[in-house]
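Student: Chains D and H, in that order, are what the protein sequence lines are. In terms of the UniProt record's numbering, the first sequence opens at residue 1 and continues consecutively. In terms of the UniProt record's numbering, the second sequence opens at residue 1 and continues consecutively.
What the hints contain is simulated information worked out from the structure, not anything from laboratory work. Do not take every clue at face value.
The calculated DSS-like cross-link candidates involving lysine-lysine, where the alpha carbons are at most 27 angstroms apart (straight line), are [to be verified]:
1) D:Lys-415 with D:Lys-171
2) D:Lys-142 with D:Lys-115
3) H:Lys-112 with D:Lys-108
4) D:Lys-349 with H:Lys-112
5) D:Lys-86 with D:Lys-142
6) D:Lys-40 with D:Lys-164
7) D:Lys-410 with D:Lys-164
8) D:Lys-287 with D:Lys-201
9) H:Lys-112 with D:Lys-201
10) D:Lys-351 with D:Lys-171
11) H:Lys-112 with D:Lys-143
12) D:Lys-351 with D:Lys-201
Bear in mind that the values here come from a model prediction, so they are computed numbers and not experimental data.
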Amino acid sequence: MTKYEPEMQKSAFPKLTEPNGLDTGPIPIEPYISPEWFEKEREQIFGRAWLCMGRIEQLPEPDTYIVKEIEVRGVIALITRDKADKVRAFHNVCSHRANMIVQDSAGKGSRFVCKYHNWAYRNDGDCIGVPDRANFFNLDIKKCGLTPIVCDVWEGWIFINLQKVPEVSLKEFLGPFGEAFTNAPAPSAEHAFNVNVSTMKANWKTTIDAFCESYHVPVLHPDTVGATFANDSNPYSRPLSGHARGAHRTMTTFGNPDYVPPEHALVERLAYSNLDLGNTLGANDAKEIQALLDHPAINPRRVPNWATEIAWIFPNFLIFYSPGGFFTLEFWPLSVNSTRWVARMHIPKAKDVRQRFQQEHHNCRMAEIFLEDVGNLERQQRAMESGAKTEIVLQDGEFMLRHSIETIRKWVAAKTVREALA
Amino acid sequence: MTMTAPESSLPRDFADLEPFVAYWAGETNDIRWDRRSRAPMEQIRRFYDAMLPRADEALTYLEQFPLGEAPADATRLLCLLLSLPHAAMAVEFHRQPRAAASPFPHGMNVAKGPWPQGW
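Can you build the whole structure from these sequences, using the hints too?
Tutor: So, in structure tokens, the structure goes:
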């Protein structure tokens, strides 16, 4: 891959595709609709890549746990934090008759008891109790622990790897992305509201692609958010910078500095009357926000009118940094044409009722935008599956999609992870 | 049996908003969103027109209580007030109850947030 050339990024709208070493030709539709291709992704990508599970703050204190389902691998991961703050992951499966142990999605507790026959486990994975043990046959309780899943934490982000022995470390997997985003702050990481989409009828790539180009925003979201992402100086919402970073990629999107709520939007005006308009998430910790603004990889060209820095961690995890904080999106394939996804909007705890009112307005708007995307993407998936087209064409501002699909094709073809990362 | 007018479930100064409580004072973000999505435009508009002129006054009234520690009548007023942004999505953005060509029903829900009246 060509190394990013700073001089190419000098114009208002820098070229992104070729300077990042990418081709400019059409992209085959097959990976978006083919069941055979999906089976390859299941093995070669989700079976081998490090997968981001979210923030460490989801385990807010010692002896807490979360359960994360990775449907594409049929895995239910139990992620625990013990008294010594060590984070571990296990298959949420009992060693007795292989039933599911923990049934809720998060909680507090240092031990887990299977509700079938009361086998008990500590959060370090050891089996610590087998009722009527004497009636088993030479049962070695030391061998009855939970089956571990490889787990590592990078900068407060929890990752798992579903290979028994990962071919590469998390550090090697993150590569240049990890180097660039070391010390990136995570303001209000301990608070979030979630928007969950339990299932939508589109391929996971169709879905994640829509969040990684701003070309569509003025068209698909004209009333909800379009005007904040485009203006006369940038009517097509061209990106302000973009970088391929190993298997990962990042892009700065444009924010309309002239945006004010329109005359008729009285509730929007009321909600934002006591806030900076750039700061759509509301008052956050000022020091952390300053650290975010100062981070060299976030809005790397230091343009004043930026809205978001989108960090796409391969394969399926997005972090959106904005001048007001950050949120994440994760996309989990259920089948070739259905996807579950989760948005975690990190916001500060409201200090007063006016901030609480503004947050409700903010999250209403996000939910409306997401719903516009859901409808759009389900239509796109059906149209892709019609067979009318065998290829799609991408413009320069859609370079992240191109880098994603090229990376996916590489991983699907590569015999080893190291070869895929080369 | 004597009939007495039911007491307002809202703080006294907001008693005139009582007709909107049953539908619009939904207890969670998700309920508020769902109710707005199901309501016809005229019903959304009636609530928006009645609540908007009182919104600033309601915010000022609610400012006397720490968030999450208001008495029941004020909490109800807050839930009612928090439906106003939902109504505004229809009135100010979509000019119809839901975004054009967005699916309904759909598999999307808003989960509990880190706030009072956010769950």
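Student: Next step is simple, just say for each hint if it's right about the structure.
Tutor: So, going through the hints one by one against the coordinates:
{"no.": "1", "hint": "D:Lys-415 with D:Lys-171", "result": "holds, 20 angstroms"}
{"no.": "2", "hint": "D:Lys-142 with D:Lys-115", "result": "holds, 21 angstroms"}
{"no.": "3", "hint": "H:Lys-112 with D:Lys-108", "result": "holds, 18 angstroms"}
{"no.": "4", "hint": "D:Lys-349 with H:Lys-112", "result": "holds, 12 angstroms"}
{"no.": "5", "hint": "D:Lys-86 with D:Lys-142", "result": "holds, 20 angstroms"}
{"no.": "6", "hint": "D:Lys-40 with D:Lys-164", "result": "holds, 18 angstroms"}
{"no.": "7", "hint": "D:Lys-410 with D:Lys-164", "result": "holds, 22 angstroms"}
{"no.": "8", "hint": "D:Lys-287 with D:Lys-201", "result": "violated, 41 angstroms"}
{"no.": "9", "hint": "H:Lys-112 with D:Lys-201", "result": "holds, 25 angstroms"}
{"no.": "10", "hint": "D:Lys-351 with D:Lys-171", "result": "violated, 38 angstroms"}
{"no.": "11", "hint": "H:Lys-112 with D:Lys-143", "result": "violated, 39 angstroms"}
{"no.": "12", "hint": "D:Lys-351 with D:Lys-201", "result": "violated, 39 angstroms"}
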